[in-house]
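If you read the protein sequences in the order shown, they are chains A and B.
Under the numbering used here, think of the first position of the first sequence as 4, with each following residue one higher.
Under the numbering used here, think of the first position of the second sequence as 27, with each following residue one higher.
If you are wondering where the hints come from, they were derived from the structure by calculation, not from laboratory data.
Any given hint could be a false lead.
[To be verified] Just some of the chain A residues that point at chain B, by a computed CB distance under 10 Å: (1) Gln149; (2) Glu150; (3) Leu151; (4) Ala183; (5) Ala184; (6) Ser190; (7) Gly202; (8) Ile271; (9) Pro285.
We treat Cβ as the ideally placed atom computed from N, Cα and C, and that holds for glycine.
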Amino acid sequence: MKKFLSSPAFWRGALSIVVFLVLWEIGARSKAWMAPEFFAPFKELLGAMGFKKDYLPWIGAVPAPSGVLKAWVAVLGQPGYWQSWYMSMFRVMGGFIAAMLIGIPFGLALAVSRVAHGIGFPTFEVLRPIPPLAWVPASIIFWPTQELAITFITFLGAFYTIVINVLGGARSIDVRYFQAAQSMGSSNWDIFRRVILPGTLPSIVVGSAVGMGITWEVVVAAEMISGGGSQQAGVGGGLGFFIWNSYVGGSYEQIVVGMISIGIAGFISSELLRWAGRYATPWLKLR
Amino acid sequence: MAETSIRPKIIPGEIVVEGVSKSYGATQFRKEVVQDCSFKIERAKLTVMVGPSGCGKSTLIRLLAGFEQPTEGSILLDGEPVTEPSRDRLVVFQETALFPWMTTWDNILYGPRARGELSRESLQFGEFLLNKVGLQEFRDKYPGQLSGGMQRRAELARAMINNPKVMILDEPFRGLDAMTKELMWEYYARLYEENRRTNFFVTTDIDEAVFLADRILVMSNIPTQVRAVIEVDLPRPRKLLDIFENDRANDIKKQALSILHAEAMRSFSRGSKAAADFVDAYLKRASRA
Numbered sequence: 004m005k006k007f008l009s010s011p012a013f014w015r016g017a018l019s020i021v022v023f024l025v026l027w028e029i030g031a032r033s034k035a036w037m038a039p040e041f042f043a044p045f046k047e048l049l050g051a052m053g054f055k056k057d058y059l060p061w062i063g064a065v066p067a068p069s070g071v072l073k074a075w076v077a078v079l080g081q082p083g084y085w086q087s088w089y090m091s092m093f094r095v096m097g098g099f100i101a102a103m104l105i106g107i108p109f110g111l112a113l114a115v116s117r118v119a120h121g122i123g124f125p126t127f128e129v130l131r132p133i134p135p136l137a138w139v140p141a142s143i144i145f146w147p148t149q150e151l152a153i154t155f156i157t158f159l160g161a162f163y164t165i166v167i168n169v170l171g172g173a174r175s176i177d178v179r180y181f182q183a184a185q186s187m188g189s190s191n192w193d194i195f196r197r198v199i200l201p202g203t204l205p206s207i208v209v210g211s212a213v214g215m216g217i218t219w220e221v222v223v224a225a226e227m228i229s230g231g232g233s234q235q236a237g238v239g240g241g242l243g244f245f246i247w248n249s250y251v252g253g254s255y256e257q258i259v260v261g262m263i264s265i266g267i268a269g270f271i272s273s274e275l276l277r278w279a280g281r282y283a284t285p286w287l288k289l290r
Numbered sequence: 027m028a029e030t031s032i033r034p035k036i037i038p039g040e041i042v043v044e045g046v047s048k049s050y051g052a053t054q055f056r057k058e059v060v061q062d063c064s065f066k067i068e069r070a071k072l073t074v075m076v077g078p079s080g081c082g083k084s085t086l087i088r089l090l091a092g093f094e095q096p097t098e099g100s101i102l103l104d105g106e107p108v109t110e111p112s113r114d115r116l117v118v119f120q121e122t123a124l125f126p127w128m129t130t131w132d133n134i135l136y137g138p139r140a141r142g143e144l145s146r147e148s149l150q151f152g153e154f155l156l157n158k159v160g161l162q163e164f165r166d167k168y169p170g171q172l173s174g175g176m177q178r179r180a181e182l183a184r185a186m187i188n189n190p191k192v193m194i195l196d197e198p199f200r201g202l203d204a205m206t207k208e209l210m211w212e213y214y215a216r217l218y219e220e221n222r223r224t225n226f227f228v229t230t231d232i233d234e235a236v237f238l239a240d241r242i243l244v245m246s247n248i249p250t251q252v253r254a255v256i257e258v259d260l261p262r263p264r265k266l267l268d269i270f271e272n273d274r275a276n277d278i279k280k281q282a283l284s285i286l287h288a289e290a291m292r293s294f295s296r297g298s299k300a301a302a303d304f305v306d307a308y309l310k311r312a313s314r315a
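With the sequences and hints as input, model every part of the structure.
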């Protein structure tokens with residue numbers, strides 16, 4: 004840890020974040036510093052080009068990091084904020100774990116059995132291009148509770164990626180491993196357990212990591228669209244709903260607070276997954 | 027004394043290949059890889075097969091191992107037809123086929139474990155082999171943590187623990203650097219001389235063949251057939267210098283080369299540049315020495 008803190012890599016990373024925050028702060032405050040006349044020529048130019056004069060984006064419209072920090076500190080004490088964290092985490096984990104529990108055996112079955120592949124794969128391939136968010140209305144109608152509907156959509160986000168990775172991983176195992184195992188007297192079950200399963204593990208880890216990322220993208224959007232299943236206004240609807248509610252309520256600082264919170268939550272889950280992945284595949288971190 | 031109690035008795039087998047053909051593809055685009063090929067892998071001898079790369083040696087190995095069936099002809103191990111993969115005919119693969127997710131020790135024990143034969147004897151034998159290949163200190167390392175030479179040694183141990191009647195080695199030392207390769211020759215020859223198992227060794231390297239073999243099978247280009255059988259009567263144990271200085275060894279080398287050269291010229295006229303390059307490289311090497 005000490006070594007890490009004194010390494011150039013750490014300081015470069017820190018510098019990158021600080022520079023970003025400073026530029027953002029300057030940009031956000033620039034609107035107050037500059038006279039409205041400053042923008043006039045640009046607006047005229049836009050008008051001359053045939054656009055509406057208000058079509059000029061300006062970072063000054065975005066809340067400054069200092070304001071965001073203040074809003075964040077204020078919100079830290081509110082149980083509703085933490086409830087949002089909890090709800091989103093709960094949905095992501097629920098959907099993700101369900102996707103692993105169903106996706107890994109399904110992918111393996113597609114890989115090892117020609118019959119399973121023949122029956123399962125065509126349907127899977129037809130459903131796969133449908134974006135999870137397109138499922139929102141149908142799943143709200145289908146599932147008895149909104150909670151289940153959102154979790155199902157999160158599940159879809161991770162499911163396809165995991166299945167495709169497991170299938171590809173199992174198929175790309177070197178044929179010599181099978182031949183060697185067969186020669187040494189392995190039964191089919193033994194080959195599955197000691198060759199296919201460990202041979203696919205790296206792909207399972209990669210598929211899960213990608214799937215986890217998609218899960219966070221999907222859960223936020225699902226919460227925004229569905230209203231997050233919140234009972235009272237602004238409380239307990241998940242981080243996606245937290246952002247949406249802040250937007251509707253006009254507290255722009257809180258929108259950014261919600262965005263950064265999702266970034267942190269995604270980072271935590273990815274780190275957990277990476278750690279679990281390293282633990283499951285010790286032969287990959289060699290030397 | 028203790029060794030004999032650990033080591034199971036070795037029963038070398040003998041393989042007879044009779045009129046074997048193997049072709050791939052649908053009728054119009056049929057490609058004959060092996061054509062009416064007959065030879066014998068003699069009991070308790072080290073038979074080396076040399077042939078230009080891409081001549082169908084690997085196909086023959088898949089047939090011998092039982093991964094594939096010949097289109098015609100028969101392969102007999104001690105009179106029994108070969109129909110499926112078996113521990114009696116174990117293959118040590120090109121490069122390495124150690125399971126990357128298992129430690130050296132687990133790789134070596136794979137066979138006994140797979141057959142449910144993990145007994146005190148097999149553990150002792152595994153321990154003995156681990157020592158034999160000099161990997162005691164790498165017992166709990168994964169294959170990715172071993173050097174190329176160590177990987178090949180681990181794979182030899184993984185095969186030997188199953189006590190096969192015939193060991194089939196498919197260019198096992200390919201891809202090793204020259205120094206390691208020569209060390210592996212000496213090491214492998216010593217292993218063979220200790221046990222006198224039936225060994226079938228496939229290579230493209232004539233120096234390797236002459237140094238190791240009791241008998242050399244010189245193969246034609248595709249479709250594969252045996253062009254010549256050369257008995258290598260050099261005394262054992264052999265020294266590495268012998269194959270560069272000994273007259274008899276050089277005679278054998280020249281004999282094999284002239285056959286391969288004729289083979290290569292024939293396929294060269296049919297457009298196989300690889301075969302011609304192969305012989306050219308060897309002639310250059312021979313004139314330097």
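So, going through the hints one by one against the coordinates:
1. Look at Gln149(A): its Cβ only gets to about 43 Å from chain B, farther than 10 Å, so that hint breaks.
2. For Glu150(A), the shortest C-beta to C-beta distance to chain B is roughly 39 Å, which exceeds 10 Å, and the interface hint is violated.
3. Hint status for Leu151(A) relative to chain B: violated, with the closest Cβ pair at about 37 Å, above 10 Å.
4. Using the Cβ-Cβ criterion of 10 Å, the hint placing Ala183(A) at the interface with chain B is satisfied: the shortest such distance is roughly 5 Å.
5. For Ala184(A), the interface hint holds, since its Cβ comes within 10 Å of a Cβ in chain B; the closest pair sits about 7 Å apart.
6. Restraint check, Ser190(A) versus chain B: the minimum CB separation of about 7 Å is within 10 Å; hint holds.
7. For the restraint placing Gly202(A) at the interface with chain B, the shortest Cβ-Cβ distance is roughly 7 Å, inside the 10 Å limit, so the hint holds.
8. Restraint check, Ile271(A) versus chain B: the minimum CB separation of about 28 Å is more than 10 Å; hint violated.
9. At its closest, the beta carbon of Pro285(A) sits 7 Å from a beta carbon of chain B; the interface hint therefore holds under the 10 Å criterion.
The structure shown violates the earlier hints numbered 1, 2, 3, 8.
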